[in-house]
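Residue numbers (numbering that gives the first Met the number 0), protein chains in the order written: chain W, 0 to 171; chain C, 0 to 568.
No lab work stands behind these hints: they were computed from the structure.
Mixed in with the good hints, there may be bad ones.
Unchecked claim - One side of the interface only, derived from the structure: several residues of chain W facing chain C at Cβ under 10 angstroms: (1) Lys1; (2) Val8; (3) Met9; (4) Gly13; (5) Asn16; (6) Leu21; (7) Glu58; (8) Lys62; (9) Asn65; (10) Asp69; (11) Thr77; (12) Ala80; (13) Arg84; (14) Arg98; (15) Ser99.
Stated by the list, open to error - Below, simulated DSS-like cross-link-like pairs (lysine-lysine); rule was C-alpha separation at most 25 angstroms, straight line: (16) C:Lys508 - W:Lys72; (17) W:Lys66 - C:Lys320; (18) C:Lys215 - C:Lys361.
Said to hold, decoys possible - Partner residues aside, some chain W positions facing chain C, computed with beta carbon under 7 angstroms: (19) Val14; (20) Arg17; (21) Asn20; (22) Lys24; (23) Gln63; (24) Ile70; (25) Met74.
Here a beta-carbon is modelled for each residue, glycine too, at the ideal position from N, C-alpha and C.
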Amino acid sequence: MKGIITLTVMNRPGVLNRITNLFSKRSYNIESITVGSSEQPDISRITVVVQVENDKELEQITKQLNKQIDIIKVMNITNQAIVARELALVKVTAATQTRSEIYSLIEPFRGSVVDISKDSLVIQITGEAEKIEAFIELLRPYGIKELTRTGTTAFLRGTQKTQGTAKNFSIV
Amino acid sequence: MQKTALAERKGDALMKSGADILMDSLKKESVEVIFGYPGGAVLPIYDSLYDAGIPHILARHEQGAIHAAEGYARITGKPGVVIATSGPGATNIVTGLADALIDSIPLVVLTGQVATGVIGTDAFQEADVLGITTPITKHNYQVRNPKDFPRIIKEAFYIASSGRPGPVLIDVPKDMAVLAAEVDEDPVVNLPGYQPKLTPNYLQIKKLGEEIAKAKRPLILAGAGVLISKAHEELKTFAEQQHIPVVHTLLGLGGFPANHPLFIGMAGMHGVYAANMALSKCDLLINIGARFDDRLTGNLNHFAPLAAVAHIDIDPVEIGKNVPTQIPIVGDAKEALEMLIEQNSEKAESEEWIKQLHDWNKEFPLKYERVEDRLKPQYVLELLHQETKGEAVITTDVGQHQMWAAQYYGFNKPHAWVTSGGLGTMGFGLPAAIGAQLAKPDAVVASIVGDGGFQMTLQELGVIAELGLPIKIIIINNHALGMVRQWQQTFYNERYSHSLLHSQPSFVKLAEAYGIRAFEIHTEQEAKEKMKEAFALNEPVLLDFRVEQGENVYPMVAPGKGLHEMEGV
Ligand SMILES: Cc1ncc(C[n+]2csc(CCOP(=O)(O)OP(=O)(O)O)c2C)c(N)n1
Ligand SMILES: [Mg+2]
Chain W
0 MKGIITLTVM NRPGVLNRIT NLFSKRSYNI ESITVGSSEQ PDISRITVVV QVENDKELEQ
60 ITKQLNKQID IIKVMNITNQ AIVARELALV KVTAATQTRS EIYSLIEPFR GSVVDISKDS
120 LVIQITGEAE KIEAFIELLR PYGIKELTRT GTTAFLRGTQ KTQGTAKNFS IV
Chain C
0 MQKTALAERK GDALMKSGAD ILMDSLKKES VEVIFGYPGG AVLPIYDSLY DAGIPHILAR
60 HEQGAIHAAE GYARITGKPG VVIATSGPGA TNIVTGLADA LIDSIPLVVL TGQVATGVIG
120 TDAFQEADVL GITTPITKHN YQVRNPKDFP RIIKEAFYIA SSGRPGPVLI DVPKDMAVLA
180 AEVDEDPVVN LPGYQPKLTP NYLQIKKLGE EIAKAKRPLI LAGAGVLISK AHEELKTFAE
240 QQHIPVVHTL LGLGGFPANH PLFIGMAGMH GVYAANMALS KCDLLINIGA RFDDRLTGNL
300 NHFAPLAAVA HIDIDPVEIG KNVPTQIPIV GDAKEALEML IEQNSEKAES EEWIKQLHDW
360 NKEFPLKYER VEDRLKPQYV LELLHQETKG EAVITTDVGQ HQMWAAQYYG FNKPHAWVTS
420 GGLGTMGFGL PAAIGAQLAK PDAVVASIVG DGGFQMTLQE LGVIAELGLP IKIIIINNHA
480 LGMVRQWQQT FYNERYSHSL LHSQPSFVKL AEAYGIRAFE IHTEQEAKEK MKEAFALNEP
540 VLLDFRVEQG ENVYPMVAPG KGLHEMEGV
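Start from the sequences and build out the full structure, keeping to the hints where you can.
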């Protein structure tokens, strides 16, 4: 199963090293990790998506992270109402014959074309990981020349209706 | 350096070198002794140390320094302090850091580093110490501004000694020790992400009380956490009040008196039969400050199959990590025990159970065969117990002798047992004794080592001789890497691949070269005489006990087996 953990950390040298080190030391699998600044100076926010066997392993990871001195807060938001987003850039082969076909795919996914050359397009798309995967699959037949994904960044929605297990992703 | 608002107000900013500020900060933490070894990158620190008034022990190898600091920390409960130079000095302490982390020993370790301007250029004696030590420290720092020394030192001592103790490393680039900075007299600890939980949840304590009242076969498993939180008195009171027998982990020995009627023995791979059966048959298991290590539990599928498990631990990570736990109690062992004693719930009806455990101990005691004219290692350990009444401070190395020490010494007092449990570090025992003796100058200290492990750090004899530390060095000399030999005998068809030490120096002459008195001992009679003689002398003595090579540590739980399947009972 996939778990999503968000971390609030002191922006100090070596913090990221300590976190990634912990994952390799305990042989946990990171699917993606994103790091960036937060609303407070000196504090960064990190989103980690992990592949785990079960809830127990996810709980262990959460507790291990909590032990780190420079990590202020750890939240396992896997089963919470969250806003989760990822950005991908896809460079796809686009000959004159297929170009308009590709354009018609971009529209419903609310992607945008950010670079055009003679024989290719660079498309930017944001959303949940699943949406991005679906989009990439649609583009694949045209020939993907290059692909880069940022990994998921996420936090809790303003309102948490129930503490249930219902996934509450938005479509956009 | 910029002036702070406070100093500007005073008008006379007090400027000092980073190294001097560092020394002041160490004094503020009441550091009694530093274990270290100088080198280029720490020259400014050593220059400051020259007249700082803090005693420094010059080890003969950085590994010796850090194990000595561990010994000091185990006995005092205070962080051991180490200084090593950059590059090779720092890499030489890696084993000690890993050892201290896994066994929860508080250390504050200072390493030199090349100057900030050349970090990352593969400068002379540069090593990525933060990178190397991240997985084996509780926390680490690199000083980036000399004015941060007071805060970092204060934080380091706090982190090392609070919560679950562990090693903290501070990497000091050479220029940080040289540069002058304004002295921060009153540093503020800034650790919003570190708040160890000390007070247990009352409801969980209550729940445990209810379980005790219901239990017929309750058992306490006491680990090193009891010693670290100095809760041995509370443990005794609690066990007596509730009528609950006690077994120990290897590292927990001494937390409960070995001669107490409720003490069953050490459990685990080489524990006593009764203790392992107690774990296999109990209906309520109360783990206090032990981490359910695999050498204790054996095959987890067979571990405490009938028990409701309560686990008191200051480190929430340990609870439920290996063994499913019904009553998790996060907090300090002493506080938890105080709350349990205060609660004074109905005691367990455990008379029959306790009698059963004692019967097992009578029926299946530790045993070995004495043969005329041969010296058995177990006999040496029993003799040591008699000679020191079970009250000496014992350090060990790793191997068969370590297990025999744990089985046969009989610890009646807390904070008298220094051994490398989690990492199993050969070379630990001798330097650890140096730290232990310095921690307790009046204590009788004996270091029990194997002929293999002794040779890993024997250079520290130099320190023992120089300081005249009256440590009794007891070599259990079986001309073998005995524990390896035992496993090869048992599990590898007696194919003794590189485990027999055919060639050895004369340990007696070696000791004598250092000016240390030494005896070679072959018989029980000699053992009795020389043991007496050695402990009567207020000086270091090395005793080379030539014991039977083929002796094995029993009983034993083979790897993969459950605790109830002991061999050699
Ligand atoms: C640094 C290190 N290297 C290797 C080992 C593996 N090992 C465990 S016990 C042992 C044998 C130790 O021999 P000795 O010191 O003579 O003690 P004995 O078992 O004979 O009592 C070895 C090699 C270890 N624990 N530590
Ligand atoms: Mg040996």
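Hint check:
| no. | hint | in the structure |
| --- | --- | --- |
| 1 | Lys1 | 22 angstroms, violated |
| 2 | Val8 | 7 angstroms, holds |
| 3 | Met9 | 6 angstroms, holds |
| 4 | Gly13 | 5 angstroms, holds |
| 5 | Asn16 | 6 angstroms, holds |
| 6 | Leu21 | 8 angstroms, holds |
| 7 | Glu58 | 8 angstroms, holds |
| 8 | Lys62 | 4 angstroms, holds |
| 9 | Asn65 | 7 angstroms, holds |
| 10 | Asp69 | 6 angstroms, holds |
| 11 | Thr77 | 18 angstroms, violated |
| 12 | Ala80 | 26 angstroms, violated |
| 13 | Arg84 | 26 angstroms, violated |
| 14 | Arg98 | 47 angstroms, violated |
| 15 | Ser99 | 51 angstroms, violated |
| 16 | C:Lys508 - W:Lys72 | 59 angstroms, violated |
| 17 | W:Lys66 - C:Lys320 | 14 angstroms, holds |
| 18 | C:Lys215 - C:Lys361 | 21 angstroms, holds |
| 19 | Val14 | 10 angstroms, violated |
| 20 | Arg17 | 6 angstroms, holds |
| 21 | Asn20 | 5 angstroms, holds |
| 22 | Lys24 | 5 angstroms, holds |
| 23 | Gln63 | 6 angstroms, holds |
| 24 | Ile70 | 5 angstroms, holds |
| 25 | Met74 | 13 angstroms, violated |
In terms of the numbered hints stated before, the structure departs from hints 1, 11, 12, 13, 14, 15, 16, 19 and 25, listed from lowest to highest.
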